[in-house]
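Visitor: Below are the chains, spelled out letter by letter.
There are 6 protein chains.
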Amino acid sequence: MLPPLPDIIIEPIVRLALSEDLGRAGDVTTDAIAAPDQRARFVMRAREAGIIAGLDAAALAARLLDPSLLMRIETNEGALAARGDAVAVFEGFARSILTVERTALNFVGRLSGVATMTRRYVDAVAGTGAQIVCTRKTTPGLRALEKRAVRLGGGGPHRYGLDDTILIKDNHVAAAGGVAEAIARARAAAGHLMAIEVEVDSLEQLEIAIRHAPTAILLDNFSSDDLARATALVNRRIPLEASGGVRLDTVRKIAETGVDYISVGALTHSAPTLDVALDAH
Amino acid sequence: MLPPLPDIIIEPIVRLALSEDLGRAGDVTTDAIAAPDQRARFVMRAREAGIIAGLDAAALAARLLDPSLLMRIETNEGALAARGDAVAVFEGFARSILTVERTALNFVGRLSGVATMTRRYVDAVAGTGAQIVCTRKTTPGLRALEKRAVRLGGGGPHRYGLDDTILIKDNHVAAAGGVAEAIARARAAAGHLMAIEVEVDSLEQLEIAIRHAPTAILLDNFSSDDLARATALVNRRIPLEASGGVRLDTVRKIAETGVDYISVGALTHSAPTLDVALDAH
Amino acid sequence: MLPPLPDIIIEPIVRLALSEDLGRAGDVTTDAIAAPDQRARFVMRAREAGIIAGLDAAALAARLLDPSLLMRIETNEGALAARGDAVAVFEGFARSILTVERTALNFVGRLSGVATMTRRYVDAVAGTGAQIVCTRKTTPGLRALEKRAVRLGGGGPHRYGLDDTILIKDNHVAAAGGVAEAIARARAAAGHLMAIEVEVDSLEQLEIAIRHAPTAILLDNFSSDDLARATALVNRRIPLEASGGVRLDTVRKIAETGVDYISVGALTHSAPTLDVALDAH
Amino acid sequence: MLPPLPDIIIEPIVRLALSEDLGRAGDVTTDAIAAPDQRARFVMRAREAGIIAGLDAAALAARLLDPSLLMRIETNEGALAARGDAVAVFEGFARSILTVERTALNFVGRLSGVATMTRRYVDAVAGTGAQIVCTRKTTPGLRALEKRAVRLGGGGPHRYGLDDTILIKDNHVAAAGGVAEAIARARAAAGHLMAIEVEVDSLEQLEIAIRHAPTAILLDNFSSDDLARATALVNRRIPLEASGGVRLDTVRKIAETGVDYISVGALTHSAPTLDVALDAH
Amino acid sequence: MLPPLPDIIIEPIVRLALSEDLGRAGDVTTDAIAAPDQRARFVMRAREAGIIAGLDAAALAARLLDPSLLMRIETNEGALAARGDAVAVFEGFARSILTVERTALNFVGRLSGVATMTRRYVDAVAGTGAQIVCTRKTTPGLRALEKRAVRLGGGGPHRYGLDDTILIKDNHVAAAGGVAEAIARARAAAGHLMAIEVEVDSLEQLEIAIRHAPTAILLDNFSSDDLARATALVNRRIPLEASGGVRLDTVRKIAETGVDYISVGALTHSAPTLDVALDAH
Amino acid sequence: MLPPLPDIIIEPIVRLALSEDLGRAGDVTTDAIAAPDQRARFVMRAREAGIIAGLDAAALAARLLDPSLLMRIETNEGALAARGDAVAVFEGFARSILTVERTALNFVGRLSGVATMTRRYVDAVAGTGAQIVCTRKTTPGLRALEKRAVRLGGGGPHRYGLDDTILIKDNHVAAAGGVAEAIARARAAAGHLMAIEVEVDSLEQLEIAIRHAPTAILLDNFSSDDLARATALVNRRIPLEASGGVRLDTVRKIAETGVDYISVGALTHSAPTLDVALDAH
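Protein chains in written order, with the numbering used here: chain A, 1 to 281; chain B, 1 to 281; chain C, 1 to 281; chain D, 1 to 281; chain E, 1 to 281; chain F, 1 to 281.
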């Protein structure tokens, strides 16, 4: 089971989110209207079906605002909530719950949106052997949370940032003067533990890449026919990742070419929110 | 003209974005492949038409990474870029440009996505007198940038956070025991400069609200017919805002009921990215 | 009842205060002299009568230094402490109490000073209908805490910062070329929820302002006679705020002109501390 | 000449001050009204006579908001500005100047207030040989800036925090079980470079303290007669500092008892602001 | 050429270092003694021979303290400075140079110490084909800088932290119930780009590990004889890393067993500083 | 007994250390292999004899990662652990313990290394009356922790930073034009509580220094003979500190010259780590 991210990793973005909502004076509406000792119980519910994510960030937001506020999880992260299902229950001072409501929902809505869209792609390629992965096209500040949401939706991991994997893209190939030279330079810098993936734009480049045996090869914007040719050519010796123009209605066809990984930027840059809301019990 | 946000406001999220991409070791690929003194010129281009936003954040990211890196703006924020148009030009060390590329694109793509979706809603209500506004359903950490992107897309301002406007929602009405009592408590706390908006769910609540003369009234999940009844009832004495279930295919019908403002959560919680990319010139 | 500010809002200034007192080595005197397991009970007492404020910041300082330190409140914020009254009781390790003493007292002394001066102004205008409010002339870093101290002293709210209200001052009028033009530009930017207050320096400007119906009008440095003329002219249609040269011995005369609000910079920029001290029980 | 504090020391409080004023949206009034390319020249003037301080913080605020904004100093820190004198001139974009105005004035007003009150005390003891010093009763977050303002006003240095000097106060004496034991414990911890000052409340305690030869002795709340007896007793062997109930009308009498230092909490906890303002040239 | 780390990566530790040295009042000695307009030229020299590192951090410290301070590099990072060689020249205000001196030297001394010790190990294994690498036993806060210093000394890269490589250690093997199960669990989590290295303590474990084909195998505390058996067994199919008890007088013998990598904790946890000092020119 | 440093002082470096190890994704190995509910008990043991330090930082790291993780201290800070002794016991979730292991060990190893080397120097001068002290040649970010480790090893305190003591070094003497002038300028700035130590390089300078009676005199790079002449000359009137070229094999000879303090840079800049490790119980 995928554990929650340690609080220390997500604390900066959670503090930023709380602070941009509370501003200097806090929740003036709630403070004016709710009595200080009024206690309440609110249920966070899914208003549409989806895969739940972001509860770790929501829980940290609640704890940072009011350590006495209880948040009990009803639907685990990574599980499917049906429309109307309770996701979590908040119990404590009404003021605290109403104040943290929007911050908590913004995290859960967005990250569940990512997990839910991922699950759709994962379902679309079921049985093909291809794994759905995401890219670095993530929301500024949410890299770790969104990567985890993709995992919760059934997607696989990819590199986290510029420093943990060498990924040679077209501009790098151009800077080096060719695929072979780029891989050579990368290998000299990589050490024994850093993967080297190289992006190729044509079957010709693919053939060169194969000869230099990178950890993985990224086939960018290949047609389905070319993808099939590529998988035949490589014949499972090197993992192949397809990217570019992947949509929900095209992803199965891509998967059926036999590629091992399909990276989908839309999972993190264009997933609509999952509709979640907080209701008085 | 809407000025850019002061750097000091957006610096926390821009630093977070850079730092989550650079990690501890920076861009190992680029450092391995590009020569330290290699200079380059790259053009950020729109790969689909849209309203440009986020250039202030991209520029700050570039400056924080390498103060010697030049970023020249080719399409102003708020302007429409056609497919293929240059948005900005980067000149400087190739290493710096390749390293900041993804962070810069992530800001511009997401915020242009918000501006572009806003423009679609604005265009859809053209001529009706209704103004499109956004909500607090923003991406954690991006509140200020997304609110500004909505403005760049032609939308209007709304409250920035919990502390600058009193917005009495259904849970507050419940906590106070009624619309009248909630407004009374709010007024006692508000002072002469803080607006009081009250959300109502029915025409009955609307009639009560009108009697207590808030700054504005939010009609939540009203049918078009009820919206029309509401505007007739209020007769321009109090600004009316419609919310709930607003979609691009329903927004004009809502606008034609005569409401003054239509708030659309999707502008910030579900706008797909605008496809922008960096190409070697 | 005015709730305390959420810790997350005041944490930056409380950490800064603790850190500037503790430096790199902490309280070398106390560490040298008090035994590590010595427990103590100290009482924070008012050495002069005044309205208490700042207990939230003091409590957070204590908690950040030593979570096991108990601070029990004896005089609520906003209440009047007579000379000698206990304000709060600290129980725990002697070292922790002696170390946090000065930071806690500095917050309580200064903020109670603000609340106490506010109460004097509020008392001075009792029965006139005028409300005392403060300005943005606050201590750097203490905006939220001082604004709240004014409320605890009986004053009313005003804008918190540059971003939550439009306040057109003389320099803005000059930049726009006139009161009317300035209000017009402001209105175009304001939306339905942001108040527009305009400062006028003469009855002539006031007449122009009235015609453009801002949310409120600030009468800056008006003589009492002119204030009276202004209130007659406006006749309650628009809230009027007086500012400039307000002193404790002049404020009632100003209030009796019928203005609705009187803003007093001195509440936050020149309030002497309230004398509070920590005594071994 | 006392140099300005390095920016890196004052940056946290200056950022906090800017950020609490700018909020999430910046200066909405100025942005609505002033044109983006409008340039201006404003003069910061003293509206009453006083010693100027805080220009380093004001300059950093201006630079953090807009590096292109010029701030030229007309009255040096530590110098006396007569009523109406120019303190500094700002030249640059009108928007930047109007936006930073209040933050800059808040620093200069408060710190000049501290420097000015210090100068009054310094002048009051002129010729006596006593030096005015301040305490740790400073504004939270402004310790370094206020200590420097006291120096600019002619006062002397005192300890900066709990970690740089051992100052044995009554509660420490009580915890140790006596003055002698407290000094012994302190000496064991102090090393050769850390001063030990001990507070005494009576001539009896003073005699004990003298026998243990601390670096300095603080005479707390002594009557003038007892202060005179103390100085006679000590006869310049150990520096003596008087504290407690020092006011502008009593300080000279205290100084004339022959004490070396007089510490005045009011310099930092109760100095009214110096009235400074920004005028269009 | 290994580029310097982006400032944004090292800024937190450089700010911390400056701030712990400057405290609240800055350099009181220099401020008291050097005139404000006195300019100076100081040379940082090696007082013993060694490989230079840490100039990027020193330069950032200088820039953060005083942007007008010039630091010209005389010996490049990674180059050997002979005893007495100039490493860098500082020109600017004497106050700034004297104030930043210790912070700059502390970075250069420590990091050059790491680079120099690395070079000794690298030289000791010259010609064997083994590469010296470091571990995560780095100084708190200096991970990125020390890893880079190892590279500058000729060592190779290793994982940067817990998140970029799977390294299965003895405790993980115990938690999983065996090497095979541990590798299986790791593979399920790893994706196509994350390396899996497994630590084995015996030839028996090595044989199991080989069958599961991890990216690399770490031979912990093997005798030289067992290392030789291991390399024979593996026969270059999988990179082998030796660790445990590596000293300068044993490292060559280890290298000659044919292992590919030798990891040395001492490079970062026990390297003595390189003696560098700042002299007036 | 030397109390631990308040968490608020060491929190920045502990957070930095955790964050550089956890990166964006946390401990991928442990998360893949250990079950979420698996509990464990690990013992931190000394693998060689030494003085223990750094437990406060290790405990804070554990608490920041997982507040439910128990760390029980078995060997107090400042005590000698024999080889194999338990230093501390961790009980809680296996995942938390394995994740925090390296950060905790890095603090304890390094700081115990400092304490242990200090103890060796202290033992070497036993009975001579000289005290071992450290310098500002500390690891960036670890000033407070390393100074405390020196105390735990039996060393004495020295200044913490540039702001708490005046230490006139050769460059300051040069800038002032002589020892006498430098001391005079220092005294004018120092106040009654700040020590003035002056560094002299020769007996001639020493004689000048004595005439101006600083708080202490630092004899830099004196031969043993000159040190003996110096102590004879000063005859206990002023504390004397020796520095420069102090090694474990020379320190006793230096101490026997009668100097009061011996400052040793190596304590903090070149102490090898103490070997500590975490073993499953």
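Any given hint could be a false lead.
Below, a sample of chain F positions facing chain D; criterion: calculated Cβ distance under 10 Å [what the hints assert, rightly or not]:
| # | residue |
| --- | --- |
| 1 | Pro-4 |
| 2 | Ile-8 |
| 3 | Gly-161 |
| 4 | Leu-203 |
| 5 | Glu-204 |
| 6 | Glu-207 |
| 7 | Gly-258 |
| 8 | Tyr-261 |
If you're looking for bench data, these hints aren't it; they were derived computationally from the structure. No experiment lies behind these values; they were computed from the predicted model shown. All C-beta atoms, glycine included, are put in the ideal place defined by N, C-alpha and C.
Visitor: Hint by hint, note whether the structure agrees.
Guide: Checked hints:
no.: 1; hint: Pro-4; verdict: violated, 15 Å
no.: 2; hint: Ile-8; verdict: violated, 12 Å
no.: 3; hint: Gly-161; verdict: holds, 9 Å
no.: 4; hint: Leu-203; verdict: violated, 21 Å
no.: 5; hint: Glu-204; verdict: violated, 23 Å
no.: 6; hint: Glu-207; verdict: violated, 20 Å
no.: 7; hint: Gly-258; verdict: violated, 15 Å
no.: 8; hint: Tyr-261; verdict: holds, 6 Å
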